[in-house]
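These protein sequence lines are chains A and B, in that order.
Taken in order, the first sequence gives residues 1 to 231; the numbers are from my numbering.
Taken in order, the second sequence gives residues 1 to 231; the numbers are from my numbering.
Keep in mind that the hints were calculated from the coordinates and are not lab data.
Being a predicted model, the structure only gives us computed values, none of them experimental.
Each residue gets a CB set at the ideal place from its N, CA and C atoms; glycine is no exception.
Be aware that one or more of the hints could be misleading.
[As the list claims (entries may be wrong)] Capping the alpha-carbon separation at 25 Å, the derived lysine-lysine pairs in BS3-like fashion look like this: (1) 174/A to 227/B; (2) 220/B to 227/A; (3) 227/B to 227/A; (4) 220/A to 196/B; (5) 156/B to 195/B.
[Claimed, not checked] Some chain B residues flagged as far from chain A (calculated, every beta-carbon gap over 10 Å): (6) 8; (7) 12; (8) 55; (9) 189.
2 protein chains.
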Amino acid sequence: MIYVVFVEPETPGNIGFLARTMKNFGLNKMVLINPCQLEHDSYYKAMHAREIVHNRQEYPSLTEFLKEKEIDFAVGTTGTAGGSYNLPRIAVTPDNLAQSIKVDGDIALILGREGDGLTNDELELCDVIVSIPTHGSYPILNITHAAAIIFYELFKNEKSYPVEDLEEASLEEKQGLMEYMDDVLDNLDYPPHKKKNASTVFRRVMGRAFISGREAHTLKGMFRRIKDRVN
Amino acid sequence: MIYVVFVEPETPGNIGFLARTMKNFGLNKMVLINPCQLEHDSYYKAMHAREIVHNRQEYPSLTEFLKEKEIDFAVGTTGTAGGSYNLPRIAVTPDNLAQSIKVDGDIALILGREGDGLTNDELELCDVIVSIPTHGSYPILNITHAAAIIFYELFKNEKSYPVEDLEEASLEEKQGLMEYMDDVLDNLDYPPHKKKNASTVFRRVMGRAFISGREAHTLKGMFRRIKDRVN
């Protein structure tokens with residue numbers, strides 16, 4: 001179970017944006033710590049994730065939430081990752097987090113205030129701190145945009161993408177394609193070294209293109225027709 | 001150079017959110033296609049990225065922008081990646097895009113309307129389509145949250161761009177390739193709808209493969225030879 005915990009949200013709309021982003025990546029347990037008054041905007045910005053706002057849980061402090069829910073693993077977030085001298089803020093990247101996290105206990109993903117983030121005391125309560133690598137000219141992300149990136153990394157690692165009918169062509173399918181093309185090349189009156197070069201380029205380009213099974217099928221049909229014509 | 005292109009934005013605040021997210025990941029060229037009236041919120045939501053909104057460029061249509069700026073590589077985004085039967089919407093993931101893209105020409109990252117995204121016609125103008133893997137219960141992300149995730153992936157991978165001396169093929173070179181292929185297809189006795197299908201698949205696959213100028217040259221030679229033989 002993953003809880004998404006928003007500490008002292010100040011802007012009602014951000015609660016909605018957070019709910020929407022949660023649902024986009026399959027999360028649904030929202031916890032608000034001492035939030036602002038929720039308003040219409042909290043539901044409106046949630047769009048089709050209003051039920052997440054409706055079913056939220058509220059706690060007066062982060063400590064009380066962590067204790068009452070017996071959270072096994074607390075992940076803090078910070079936009080201002082410290083150098084090695086600021087121990088509470090030494091952070092991992094979202095993809096490091098996603099690769100190492102195991103969702104078999106109760107996990108809390110803790111997001112800080114819009115303005116000030118999490119305090120050092122709150123970060124001390126966390127088992128790990130995550131921070132998103134950003135450009136030095138403006139390192140601080142909007143809170144729900146930061147959340148979206150972290151959720152995305154977790155989701156990406158949980159599910160292997162692409163989805164079923166977008167599956168990448170198998171090695172066999174791609175090899176079939178290459179063989180047709182080599183047959184075609186044999187009939188194009190290339191000098192041998194040029195033929196080899198053309199075959200290599202075609203192979204590389206196809207390899208790089210993440211061809212789906214369906215696309216491989218269409219291309220194969222195309223090259224079969226060409227083959228028949230140049231023979 | 002990477003241009004971030006927002007097609008027909010409807011909500012002034014989203015222009016600001018987009019500007020902020022761009023600056024967070026080191027992007028600064030914003031292009032708006034036929035936008036809504038900008039308002040205070042467009043600047044307010046940008047926070048410390050107001051200059052990006054201020055320096056935006058506006059065009060009446062996507063076609064005019066792509067033509068006037070001589071964009072080499074157009075990346076479309078969609079929240080509704082097609083199954084393999086909806087060819088214009090066959091998409092790569094943001095990390096696939098980031099791993100294979102090379103920023104040495106002029107690239108356009110094209111974001112659609114808040115409500116309806118990009119049209120199929122607009123997607124057809126793109127060399128590659130990117131879509132974010134999401135949970136089936138609510139697959140549609142807010143536009144600026146989707147943008148943040150794509151920018152993040154590009155930024156994350158920026159340092160690991162393949163350092164090859166080969167430059168990506170220009171749009172012109174690629175178009176030459178497509179034209180040869182269309183000539184070939186005209187001579188392959190395809191039923192019309194199948195021909196269109198094959199042409200789309202070929203364009204997509206080539207678009208996705210980040211072909212270098214040298215590779216385009218070799219492939220062009222190959223398709224010229226094929227063309228001569230099937231005529």
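For each hint, the structure was consulted:
no., hint, in the structure
1, 174/A to 227/B, "holds (23 Å)"
2, 220/B to 227/A, "holds (17 Å)"
3, 227/B to 227/A, "holds (12 Å)"
4, 220/A to 196/B, "holds (15 Å)"
5, 156/B to 195/B, "violated (39 Å)"
6, 8, "holds (19 Å)"
7, 12, "holds (14 Å)"
8, 55, "holds (14 Å)"
9, 189, "violated (7 Å)"
Hint violations for this structure: numbers 5, 9, all remaining hints satisfied.
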